[in-house]
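Student: Residues per chain, in single letters:
2 protein chains.
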Amino acid sequence: MSISKKIKASLSGSSMIRKMFEEGIALKKKHGEDKVYDFSLGNPNVDHPEAFKRELIKVADQEIKLKHGYTPNAGYPETRLAVARKISRTTGLKMTADHIVMSCGAGGALNVILKALLDPGDEVIILTPFFVEYPFYIENYDGVVKYVSTRPDFSPDIAAIGRAITRKTKAVIINSPNNPTGKVYSQKSIKDLARLFRKKGRERKRPIYLIADEPYSEIVFDGVKVPSILKAYSNSIIAYSYSKTLSLPGERIGYIAVHPRIHEADDLMAALILCTRILGFVNAPALMQRIVTHLQNVSVDVKIYQKKRDLLCGGLAAAGYEFARPEGAFYLFVKSPIPDDAAFVHRLLQENILVVPGRGFGCPGYFRIAFCVEDSTIVNSLEGFARAIQDCRPKKVSRRARLGSSA
Amino acid sequence: MSISKKIKASLSGSSMIRKMFEEGIALKKKHGEDKVYDFSLGNPNVDHPEAFKRELIKVADQEIKLKHGYTPNAGYPETRLAVARKISRTTGLKMTADHIVMSCGAGGALNVILKALLDPGDEVIILTPFFVEYPFYIENYDGVVKYVSTRPDFSPDIAAIGRAITRKTKAVIINSPNNPTGKVYSQKSIKDLARLFRKKGRERKRPIYLIADEPYSEIVFDGVKVPSILKAYSNSIIAYSYSKTLSLPGERIGYIAVHPRIHEADDLMAALILCTRILGFVNAPALMQRIVTHLQNVSVDVKIYQKKRDLLCGGLAAAGYEFARPEGAFYLFVKSPIPDDAAFVHRLLQENILVVPGRGFGCPGYFRIAFCVEDSTIVNSLEGFARAIQDCRPKKVSRRARLGSSA
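Order-wise, the sequence lines are chains A and B.
Sequential numbering from 0 applies to the first sequence in numbering that gives the first Met the number 0.
Sequential numbering from 0 applies to the second sequence in numbering that gives the first Met the number 0.
Only chain A is shown next, with the shape it has when bound in the complex (with noise of 0.2 Å):
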């Protein structure tokens, strides 16, 4: 053996999305693109808005000296000070460029802070179903991956997650608007969580730190606001992202932004800005934050994702399926009509209907369809999502076929 074992175990139970992802290609050589209805990746099919076009033909054809060289490993510093003017303006604390270090998406966000924070055995927490690549992240680092189910609802279950508080607790990871649920977590959550933390810290006399993966935060619908963790807990650390707020998950642009009165902020810091470095990102791409510092108010149109939402959902219900109406995100979790959620994502297959079970996102018995897809994907699909379920249903059997297996 050759490459690292660790790895080698990995690929031997590698992401389920992405196999379902490569079935899909399959599929749809043999029955062609438009037969296949594929709810397996994440992967926005919104165009990007048309004022991130202008802006970035905008800047290529600017003559700016050594316009796409090193930035300064935490981003050029009008990047950052736009976002912690957009922060400053939604939270009312007081951001400076200093609170922010701009990031290759999410993905990267949040393997700087976690490589910045964990030392060897530290756990963090993370809420089921979870984002498939948290426990990769956090075991990166070597950290302990602590793994606590949410309510019924998918909302935080504040006492199951004060259980699991132990001495090594050095961080939870929340994800709202949530993946794979489309749960919006409520003003009430964060403020227990918050009350939690600050009591367990005080306790432990260690900080827990909240890290908010909000990659969706601009992807609510009907309304819905999301809170700010910002606002409620001191120890909190945002790991932002652009990729769907701006449709444009393919350039890997975001940021970490920090609260002001974090736990020994000026190290932390420093500590994000050397993780960007010694892990090879080495800055955020140049073109792309200059791009996003003149869209901090710029979103792609969430009516569009609301309306496939309720496509989706008004089918599923009629056809009989269960879930919670996400409030977020463009992810819908469904509750598997039998309890084998990979048997029934096969028997989805057989309608060219790709999901991914839940089983991936720690969560059996449920699979999710990631819902950024055509109108036309969903409308099309319904039939077969129909027919599934229907076969699923205890069969009425009748009086003589019940009478001719007592013989």
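One thing to keep in mind: the hints can contain errors.
[Claimed, not checked] Pulled a few chain A residues facing chain B out of the computed Cβ check, cut under 10 Å: (1) S9; (2) N42; (3) C274; (4) G279; (5) N282.
Source of the hints: derived by calculation from the structure; they are not laboratory data.
C-beta atoms are modelled at their ideal positions from N, C-alpha and C, and glycine is treated no differently.
Starting from the known structure of chain A, arrange chain B on it as the hints suggest.
Tutor: Chain B alone, transformed into the frame defined by chain A:
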């Protein structure tokens, strides 16, 4: 304490290059930009080629559905194919898209490669003087750094490398053209290395991976050719970056190229793709992938750097400095006129000259000049360089003074 202990320790011994960079900013504020001669950072000052700008504007303007969406973790197939074709042409090897993973520059590439390969305690050999980030990259994955000195002309010391190889040696990193010395390893050096690794690989029944960090492979002078390690040795992996070839280090675009007959090729490729994902890179920036697809044979005008080298080498030789003339990259590694390189670097600071002490590269007694600066910076700094070396020469003491001192 709350942040990672390892990171805290790294912070206190943080990069000398960045420290010089910051001292530079302070000096520039005090004396004015044009009065400070900043040779501390390898941030290319030659602008990107016109072809890059044309391609950027073209791609920015194109109407492509979801142009900025996620790419496959390994990168766009067409980009990988373009890279594979280029390498096939120059090496005669049959490279395909399946041997290429697009990366966030060479820094991202090296992190992905080392994570894919290393188990805790695996040893990685690097050659002194070394690029300052290598020890960080290796220790990120709990690897053990083994330092082997180069020969006085900075070429690899094959015998010394042979002695440093143990049962735990997983890989050797080389960097030619070299940062900080400008050395280009000869065809003979590469062949000797390959022979050594094959022999040791057979003896240990376990391959030694040769990782070639090649961001400067296009930046060579006087018609020097960089020998291909892929042609010489099958267990070799290239970490490449377009940062220097196209002058866009801030955009974070490069690739990993794996020898088609490398040991357990399929596992290694899968591992590289997985590590790209789970380290949070996810994919190399999409827009830059599209652009470099069409710029495989484009490079900055290397003559511009060659002229800078000649200006600098001429001036420093006249002043009495000792160094090996760089054959590539844009660094000059100069013998300090006094044994204490840090002290001499401080003497140069008094002349408003910023360079980096050799100890930062594991090689005390030298200092590094990054000559990717304006010609005028080089020319105007030469007086200061001359004064500094004169100061270090043994003073001619007059007869009278000698008599006086003996009195």
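Student: Indicate, hint by hint, whether the structure satisfies it.
Tutor: Results of checking the hints against the structure:
1. Hint on S9 of chain A holds. Least Cβ distance to chain B is approximately 6 Å, under the 10 Å limit.
2. The interface hint given for N42 of chain A is met, as the beta carbon of that residue sits about 5 Å from the closest beta carbon of chain B, less than 10 Å.
3. For the restraint placing C274 of chain A at the interface with chain B, the shortest Cβ-Cβ distance is roughly 7 Å, inside the 10 Å limit, so the hint holds.
4. With 10 Å as the threshold, the beta carbon of G279 of chain A comes within range of chain B, its nearest partner Cβ sitting at about 4 Å, so the hint holds.
5. The beta carbon of N282 of chain A comes within 6 Å of a beta carbon in chain B, closer than 10 Å, and the hint placing it at the interface holds.
In the structure shown, no violation is registered for any of the earlier numbered hints.
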